[in-house]
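Build the full structure now, drawing on both the sequences and the hints.
Position one of the sequence shown corresponds to residue 696 (our numbering), numbered consecutively onward.
Keep in mind the hints are simulated off the structure, nothing from the lab.
Once the Cα atoms are required to be at most 25 Å apart in a straight line, the calculated DMTMM-like pairs of lysine to aspartate or glutamate come out as: (1) Lys728 to Glu871; (2) Lys869 to Asp727; (3) Lys733 to Glu799.
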Amino acid sequence: MNNLKPIIFLVPVIALILTGILYFSFLKKATDKNAFNKFVIIIIVLSFLLNFAWELIQIPLYKDSFYSIGHIAFCALASLADAIMVLLLYFGFAVIFRNLFWIEHQKWNRIVMVILIGGTGAVLAEIRHLSIGTWAYSGSMPIIPVINVGISPVLQFMVLPLLIYFLSFYYLKKFEKN
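Laid out in structure tokens, this is it:
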């Protein structure tokens, strides 16, 4: 995690731009703009916090990574990028399902689709970061055979997005009742 290069910011910047475009597009269409904004804020906050916790827990799985200020700051930056990607993924599914609150009406095929797309995105991101040297795995990282990427970061994007979406919708409904 010591090889920060400007290229590492390319995908998050593109994701941020796309997320902004989708956000304003959905905001214009939202019948309850206040609920929409609360929902987006909840997704961002939960996404940052849960991804940050995951990133901190998996530090020992990366080569030359320690619980130092620099590595914790790197994890915070990665968690911010993760939060943007989680929101972009949510908006992408809102476009596909033609419903901003698609998480309210779950079907197994949608759940599987979110898990598979999250996992695929994580695999592609890991391949990219490993190839440009952003990070490397320690011997303790379990590796997925054939694709040779760590299981921990792939599971992160297979598990956390759905959890974040469900929790965000739950908290939105809870806040609306109060």
